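Chemist: Given the coordinates of chain W, work out where chain F should sit on it, guided by the hints.
Protein sequence lines correspond, in order, to chains W and F. Numbers in the numbering used here are just positions in the first sequence, counted from 1, shifted up by 80. Numbers in the numbering used here are just positions in the second sequence, counted from 1, shifted up by 46.
The set of hints was computed from the structure by calculation and includes no laboratory data. Note that the structure is predicted; figures quoted are calculated from it, not measured. Mixed in with the good hints, there may be bad ones.
Partial chain W-side listing against chain F, Cβ under 7 Å, derived [stated by the list, open to error]: (1) 83; (2) 108; (3) 111; (4) 123; (5) 128; (6) 160; (7) 170; (8) 181; (9) 186; (10) 187; (11) 189.
Think about it this way: if two alpha-carbon atoms lie no more than 25 Å apart in a straight line, the pair counts; the simulated DMTMM-like pairs of lysine to aspartate or glutamate are [said to hold, decoys possible]: (12) 144/F to 104/W; (13) 99/W to 165/W; (14) 102/F to 165/W; (15) 120/W to 101/F; (16) 88/F to 61/F; (17) 88/F to 165/W; (18) 121/W to 95/F.
The following residues of chain W were derived to be distant from chain F, with all beta-carbon distances above 12 Å [unchecked claim]: (19) 94; (20) 106; (21) 130; (22) 144; (23) 163; (24) 165.
Note that beta-carbon positions come from the ideal geometry of N, C-alpha and C, so glycine has one too.
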Amino acid sequence: DTEVTQTPKHLVMGMTNKKSLKCEQHMGHRAMYWYKQKAKKPPELMFVYSYEKLSINESVPSRFSPECPNSSLLNLHLHALQPEDSALYLCASSQDGGLGYGEQFFGPGTRLTVL
Amino acid sequence: GESVGLHLPTLSVQEGDNSIINCAYSNSASDYFIWYKQESGKGPQFIIDIRSNMDKRQGQRVTVLLNKTVKHLSLQIAATQPGDSAVYFCAENIWGNKLVFGAGTILRVKS
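With the rest of the complex left out, here is chain W (with noise of 0.2 Å):
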């Protein structure tokens, strides 16, 4: 298995909602990270997890908070969110879990829609 799934695929919330996304690998990678991406922009990172550590969080606002459960899942929890905060979200993963060296593979992404 070397791909890394992304649940759900679409995802509308309103402003009060609570929502997660998922994300799983099977590759057995040490790191696992969280993107977010607007519209005909590029990736930017949000957080890193190391060996199930949270190892970097880009100054990401609170209402954004990411869970590592076990090495293979990676969560992303949602709660007040706001409209600027509609985005294409990435999930991505590494067999590396701290030099920074080899492919990151991504998964599809979430799409999300806040109104």
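Modeler: Below, chain F without anything else, positioned relative to chain W:
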């Protein structure tokens, strides 16, 4: 899927021609670079990578060139095909696992 438009530089090439996509990176300490391809409605897909101790690396139909002196990266695609049409991003590894993506270039292949 997501549409790309006028805000990204666009390279239009004829099918069968070679394509060269350029990228300037920001951090002279970056030691690892990757090119990704992103098709509409999909996540980025790895194309080729290069470490800073090299100045050229070749893959199947693709070549990456690295010029550390001017902080420039290029991706050459030989015999461009319609399936190569996509947005191409260079990315630099700033430190640890932190990858920073360039703005992207749209490649359009005309048949």
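Chemist: Please name the hints from earlier in the document that this structure breaks, with their numbers sorted from lowest to highest.
Modeler: Numbers 1, 2, 6, 14, 15 and 21 - these are the hints that the structure violates, sorted from lowest upward.
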